[in-house]
Structure formats: C-alpha cells, structure tokens
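A.B. asks: These are the residues of each chain, in order.
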Amino acid sequence: MAKLSLKKIEKVYPNGFKAVHGVDLEVRDGEFMVFVGPSGCAKSTLLRMIAGLESITAGELHIGNQLVNQLAPKQRGIAMVFQNYALYPHMTVYDNLAFGLKLAGTPKAEVQLRVRHAAGLLEMEHLLERYPKQLSGGQAQRVAVGRAIVKKPEVFLFDEPLSNLDAKLRAAMRVRLTELHRTLRESGQPATVVYVTHDQVEAMTMGERICVLKDGVIQQVDTPTALYDRPANAFVASFIGSPEMNIVKAKILPHEDGVGVELGGQVLRLPAARAAQLNSRGGAVQLGLRPEHVSAGPRPQGDSVPVPGTLRFVEHMGSEVFVHFTVGDLALSARVPADELHGLQNKTRGAAHEFHLQMQRVHLFDAESGESLLRSA
Amino acid sequence: MSADSMRASDGEGGRPWLRYLALVLVALVMLYPLIWLIGASFKSNSEIFTEVGFWPQRFDFSAYAKGWKTSTEYTFATYFLNSFLITIPRIVVTVISCLLVAYAFARFEFWGRKLLFSIMVGTMMLPLIVLRLPQYLVFRELGWLDSYLPLIVPSAFATDTFFVFMLVQFLKGIPRDMEEAAQIDGCNALQLLWHIIVPLLKPAIVSVIVFQFIWTMNDFMGPLIYLASVEKYPVSLALKMSIGATEEVEWANVIAISVVALIPSVAVFFAAQKHFIEGATSSGVKG
Numbered sequence: 001m002a003k004l005s006l007k008k009i010e011k012v013y014p015n016g017f018k019a020v021h022g023v024d025l026e027v028r029d030g031e032f033m034v035f036v037g038p039s040g041c042a043k044s045t046l047l048r049m050i051a052g053l054e055s056i057t058a059g060e061l062h063i064g065n066q067l068v069n070q071l072a073p074k075q076r077g078i079a080m081v082f083q084n085y086a087l088y089p090h091m092t093v094y095d096n097l098a099f100g101l102k103l104a105g106t107p108k109a110e111v112q113l114r115v116r117h118a119a120g121l122l123e124m125e126h127l128l129e130r131y132p133k134q135l136s137g138g139q140a141q142r143v144a145v146g147r148a149i150v151k152k153p154e155v156f157l158f159d160e161p162l163s164n165l166d167a168k169l170r171a172a173m174r175v176r177l178t179e180l181h182r183t184l185r186e187s188g189q190p191a192t193v194v195y196v197t198h199d200q201v202e203a204m205t206m207g208e209r210i211c212v213l214k215d216g217v218i219q220q221v222d223t224p225t226a227l228y229d230r231p232a233n234a235f236v237a238s239f240i241g242s243p244e245m246n247i248v249k250a251k252i253l254p255h256e257d258g259v260g261v262e263l264g265g266q267v268l269r270l271p272a273a274r275a276a277q278l279n280s281r282g283g284a285v286q287l288g289l290r291p292e293h294v295s296a297g298p299r300p301q302g303d304s305v306p307v308p309g310t311l312r313f314v315e316h317m318g319s320e321v322f323v324h325f326t327v328g329d330l331a332l333s334a335r336v337p338a339d340e341l342h343g344l345q346n347k348t349r350g351a352a353h354e355f356h357l358q359m360q361r362v363h364l365f366d367a368e369s370g371e372s373l374l375r376s377a
Numbered sequence: 001m002s003a004d005s006m007r008a009s010d011g012e013g014g015r016p017w018l019r020y021l022a023l024v025l026v027a028l029v030m031l032y033p034l035i036w037l038i039g040a041s042f043k044s045n046s047e048i049f050t051e052v053g054f055w056p057q058r059f060d061f062s063a064y065a066k067g068w069k070t071s072t073e074y075t076f077a078t079y080f081l082n083s084f085l086i087t088i089p090r091i092v093v094t095v096i097s098c099l100l101v102a103y104a105f106a107r108f109e110f111w112g113r114k115l116l117f118s119i120m121v122g123t124m125m126l127p128l129i130v131l132r133l134p135q136y137l138v139f140r141e142l143g144w145l146d147s148y149l150p151l152i153v154p155s156a157f158a159t160d161t162f163f164v165f166m167l168v169q170f171l172k173g174i175p176r177d178m179e180e181a182a183q184i185d186g187c188n189a190l191q192l193l194w195h196i197i198v199p200l201l202k203p204a205i206v207s208v209i210v211f212q213f214i215w216t217m218n219d220f221m222g223p224l225i226y227l228a229s230v231e232k233y234p235v236s237l238a239l240k241m242s243i244g245a246t247e248e249v250e251w252a253n254v255i256a257i258s259v260v261a262l263i264p265s266v267a268v269f270f271a272a273q274k275h276f277i278e279g280a281t282s283s284g285v286k287g
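Going down the list, the sequences are from chains G and U. Numbering-wise, this note's numbering puts 39 at position 39 of the first sequence, and it's gapless, one number per residue. Numbering-wise, this note's numbering puts 11 at position 11 of the second sequence, and it's gapless, one number per residue.
Looking at chain G on its own, in the form it has when it is part of the complex (with noise of 0.2 Å):
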C-alpha cells in the first residue's frame, strides 16, 4: 500500500491533442478513489499514466515516495484489472493468477500459496484447472481481480471493470469488490485502489472520495455525500445523481422579505440561510434542484413554495415516480413516492398540477462559467 501523488500531470498526444490538462490529485494510503467523467473526459487515459501504458508529458507521478514518471509498468508496484479482463486465453486460470509472480521468479511454494489465498478471497478455488473460455463474464472479472490481488502491489488499479457484466451481476460484483477492499484493510493489507468508470451509481457507491473529471480537468474532488450536496459546479451538479438534477436557466430579483429567484415567469422566494450564502450576487444564474427536492403533494414541507406546473409525462418505477413536467417554458422533474401522487396517475398530459418546491435545497450556478455561488456554510 501507499499514497499516489500527483503533481501537474499532462498528457498531450503526438498530434497536439491536450488531453490531460495539469492534474493536481493526492490518493491517500489505503483509499478508494474512484474517477468518473463522461466517455472521453481522460479518466482512463490518466489511469494508464499512473500504470505506465502512457507516458507522462509533464508533471510528477509519485508513489509511495518513489517518483514513477520513467519506470516501467512492472517497477511501479501496481497492479491492474481491465474492462475485457484481459486473461491470458491459452493458460489456466491458476496460471494466469501465478504468471506475474513467475515471471518475477517467486518461489514455487510462496506462488502456491498466494493464488490459493487469492483464489479463497475471491472463492473461486474451483475454478483454478479452468481455461478463460469456459468462464462466465462474472468469473472471469473475479480471475481478473484475483491476478491483481496475487502480486500484493502498492496501488489496485480499475480501469472500468464491470462495464462488460449485465445490470444484476454489476450490482452483487460492485458488493463485492467494496468489500473486498474492507477485508484487505482489516486484515492487514491495506489497498490504495483507482477505480475508473464512467457510471455514476457505481462512483456513489464504491468510492470513498470521487474525482470527478472533465475534457482532462479535475472538476471537483471530495466524498460521494459532499459531491451530491455541495457541488462545486453544474457539471458536478449533473452529473451525480439520478435522475439528474433539474437545471433551469433563473434570475436572482430582490424580493420583498430578501431575496427572490424568477424562474418560468414566477418569482420564489429563497430562504434567508440560502440567500446569506449568495454574496449579495444578482443577475442571471442557472438554478439547480435535485428531483428528490420537488413534490408532487398538496402539503408544503418547510420553505417549499408552490408553482404551478404543467404535466407532461409520467415514469412508473414501482416504489416511485418521476414526473416531468414545464413550469413556463423550463423543463423539470420530480422524484415522488409513488403512494404520494395525490391524483397525478389520472391526469393526463398538459393537464395543471401544483408542486412544490424545497427552496432550502437549491444549488445556485453561474450562467456562463457554472460554478457554484454558493459559499460551503
């Protein structure tokens, strides 16, 4: 185990294409770090750097205390899993976990043991005589996970490992691997894990910080419950969270007790915790309210105001709803239980309803850049 550092990474490729653009970033020792972005945001291109598949055009890769930038991948202490598992198809799955260590002259006794071991965590020892064909996707991605556990490297890196497997088997292997990760720490091998992918659920779940990565830019960098309730831009805002949250273009207006926010052609009031927040900004702004945050009620809950909306579809979920509807011109959705409808099942579309907004819970944005106007309380 051990902390990676890095310090201005840049990656441009041969034809003058920046990709990475000065990445500052500490992974603490034993972390999951989890980066996410959208497809071509760099997250993997910057995986590869800290692997040594890439080479570094400018800046510091340290880790542990061991500058990296012109090792090669084997000297680095790394260890990765690939999307396609990547195993080597003509040996057994005992020798695609022993190949490493063999290679490394590791003694016969001491590779036995740890693709035992390795096989135990994973339990997978009846699979060891097996070739990579006869495996399910779901085995294979555990073969994989196990050739990186094998080597006992300093950092685990996870180059979008579950993207391959189908919707219920991503879900009991991303179990699996956070758990994997606890059982590591507490017995006494602590792993430093960088795990890419480009899912946000999985981001939530899994990391226990997220950097979350844009067009090779760090966005923002901090733990799943502090991005989702204080991002640091629209981006952000976005990006995490599902369904997405709504972001409308506003206007910050005085109001008659503070300030008011006009959104569709109605002016709201926003609550005084929020508006000391402000700086006493006005002017156009992009207003953000996460799904969750607008009800479908008649009851108002706290500071939420009221807006008339107008309903145009509605996603059945089972045990919620969400409801999309325009207030003016803006489109928004609601995140509802579905034992709290109050009526909307039966209406159909265009027809008037009346929901709530929880004003306290709004993200406020700059127009053109996105940034959060919001001061951390």
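Among the hints, a few may not be true.
[What the hints assert, rightly or not] Under 10 Å between C-beta atoms, here's a sample of chain U residues computed to sit facing chain G: (1) K172; (2) G173; (3) P175; (4) Q183; (5) G186; (6) C187; (7) N188; (8) Q191; (9) H195; (10) P199; (11) K202.
[What the hints assert, rightly or not] Mimicking BS3-like on lysine-lysine, the simulated pairs with C-alpha atoms at most 25 Å apart in a straight line are: (12) U:K69 / U:K240; (13) G:K74 / G:K3; (14) G:K152 / G:K168; (15) G:K108 / G:K152; (16) G:K102 / U:K202; (17) G:K8 / G:K214; (18) U:K274 / G:K133; (19) U:K274 / U:K202; (20) G:K133 / U:K172; (21) G:K133 / U:K202; (22) G:K7 / G:K214; (23) G:K102 / G:K133.
[Stated by the list, open to error] Taking CB as the label site, the calculated pair distances span: (24) U:F108 / G:L67: 47 to 57 Å; (25) G:Q189 / U:K274: 41 to 51 Å; (26) G:Q134 / U:F157: 38 to 48 Å; (27) G:Q70 / U:A156: 34 to 44 Å; (28) G:D95 / U:N188: 17 to 27 Å; (29) U:L190 / G:E129: 21 to 31 Å; (30) U:L126 / G:K152: 54 to 64 Å; (31) U:I48 / G:H90: 27 to 37 Å; (32) G:D95 / U:L100: 42 to 52 Å.
Read the hints as simulated data drawn from the structure, not as lab findings. For every residue, glycine included, the Cβ atom is placed at its ideal position computed from N, Cα and C.
With chain G fixed as given, assemble chain U onto it according to the hints.
C.D. replies: Using the frame of chain G, we list chain U on its own:
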C-alpha cells in the same frame, strides 16, 4: 414465419443429398488427376498411353521399387534427406525472422514504419525471376554455390514477405490489453512475444510452417540454379533427373516416385489441419 420461407427452409433441410452429390462431383473433378496418378503408377508404359480409365489391370509395386533406386548411385532416400535438410532449417529461420519482423511492424512505433511496410508489401509484387541473377552473383561472390546456404539463409532475413504480411494481420486481431496486462505482470518485449503472442498466434504460425514446407519441397528453380552435385539434389530435382534425356522413359517409375514425393506434404498438411483450418478461418481471439 411466412409460407414462402417455410417452404424454402424445408427444401434445404429435406434434400441434403442433392448438395452432397454436387460437392462430391466437384471434388472428384478436382481430385481426378491425383487419382489417375496413383492408378498410373501401377501401369506399364503401353497401358498408360492406351487405357482411358485410371484402374490398373494389376497391382504391381515394382515401379515403386525401381523408381526408388533411381538410375544414379543414390536412392531416393538420399534425395528425401536432402529435401529435409533444406526444408527444416528454412522453416525454422522463416518462423523466427518473420515473427520478429511482424511483431515489430504490428506493435512498435518507429521512424519510417509505414514506409518500410509498404516497401515490404511492394516486394511481394516483384517477380521472383528478377532477383535470380543479382542473387546468383552475390552468392557466387560469397562462395556459397553448390551448397544449401543460398536456399536457406535469405529466409533468415524475413524475405518471405507474404508470411510477414499474414502474421501482421493476425497480430492486429489480438486485443492489446492482454499484452498490457502482461507488461504489468512484468514481461519485457521478448517475454511478451514468447509467453503471450506466440501461443495466441499458433494457428498462424502453423500456417506459415505448412506453406513453407510445401513450397520448399516443391521448389525446383532454386535448387536447379544453385546445386551442381547430384548427391546434394533434393526430391524435386531428382524427379526431373529420373526422366532421362536419352533412353526411353519408364513412366510408371517416374509416376510412382511422384506419388511418394507427395506424401510428406500431404502428411504435414493433415497433421496440421486442425490448427491450419483454424488459422485460415479465424483471425484473432475472442475478446
């Protein structure tokens, strides 16, 4: 399913014998010369030139015995041995050199790679005869005439560009992340080639071996140009020699020994068939 498509699939499933009949007929047409050759090896000269059918009147293996002995002081055993002395080293150096060159073209970035590759592919179009004269002069200067070196050494420099081209195409079909995984496991470039790429390329390498074996066994021009002493002749030259220039030719002997000369190539093909067919039909591995 519509009525039309039902009928169509019924027709296909219902009369497979029709398809097999057509296939057998075509196969017979293709194989007839070979069948005739085997039949003719049991015939006398007059029978060969008068009878139309391939079935001989009697099975007489004496032509095989006579053909094997040859009219020279050596038997065909010597000539077969000579053929193998050329073929086997040539296959070894071909596989090693072509693999290394293909690996470099497929996996490494180096200056002028694309240009060099196009030049290499370009040489595939070059008629071999163009090279004969300059090569002969070079080998004469080296003092390699009347030895097997001119037949073997060029292949050690990946001059069989067709094989390089074929291996490069195969290599491109192998997913990169397996090699990256091996790199992280601690392989250097040569270990990667040996432990990961060679096993995955097995079908393609078997194809190279089979092709090179058959082509070298059948090569007539090369040995004809470079070999002068009869004791060094391979099978292809010895066969030609057995069609004597002056006295009347015992065709049955020549034909019998031609049949024997076919055996190694056919045997190699069948031994390698499983991998070879795999190599010819699938380019790469399952991801």
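A.B. asks: Work down the list of hints and note, for each, if the structure agrees.
C.D. replies: Here is what the structure says about each hint:
| no. | hint | verdict |
| --- | --- | --- |
| 1 | K172 | violated, 16 Å |
| 2 | G173 | violated, 13 Å |
| 3 | P175 | holds, 6 Å |
| 4 | Q183 | holds, 5 Å |
| 5 | G186 | holds, 4 Å |
| 6 | C187 | holds, 6 Å |
| 7 | N188 | holds, 8 Å |
| 8 | Q191 | holds, 7 Å |
| 9 | H195 | holds, 7 Å |
| 10 | P199 | holds, 4 Å |
| 11 | K202 | holds, 8 Å |
| 12 | U:K69 / U:K240 | holds, 15 Å |
| 13 | G:K74 / G:K3 | holds, 17 Å |
| 14 | G:K152 / G:K168 | violated, 29 Å |
| 15 | G:K108 / G:K152 | holds, 16 Å |
| 16 | G:K102 / U:K202 | holds, 23 Å |
| 17 | G:K8 / G:K214 | holds, 16 Å |
| 18 | U:K274 / G:K133 | holds, 19 Å |
| 19 | U:K274 / U:K202 | holds, 11 Å |
| 20 | G:K133 / U:K172 | holds, 21 Å |
| 21 | G:K133 / U:K202 | holds, 17 Å |
| 22 | G:K7 / G:K214 | holds, 18 Å |
| 23 | G:K102 / G:K133 | holds, 23 Å |
| 24 | U:F108 / G:L67: 47 to 57 Å | violated, 26 Å |
| 25 | G:Q189 / U:K274: 41 to 51 Å | holds, 45 Å |
| 26 | G:Q134 / U:F157: 38 to 48 Å | holds, 41 Å |
| 27 | G:Q70 / U:A156: 34 to 44 Å | holds, 35 Å |
| 28 | G:D95 / U:N188: 17 to 27 Å | holds, 19 Å |
| 29 | U:L190 / G:E129: 21 to 31 Å | holds, 29 Å |
| 30 | U:L126 / G:K152: 54 to 64 Å | holds, 55 Å |
| 31 | U:I48 / G:H90: 27 to 37 Å | violated, 51 Å |
| 32 | G:D95 / U:L100: 42 to 52 Å | violated, 25 Å |
In summary, the structure is inconsistent with hints 1, 2, 14, 24, 31, 32 from the numbered list given earlier, while agreeing with the others.
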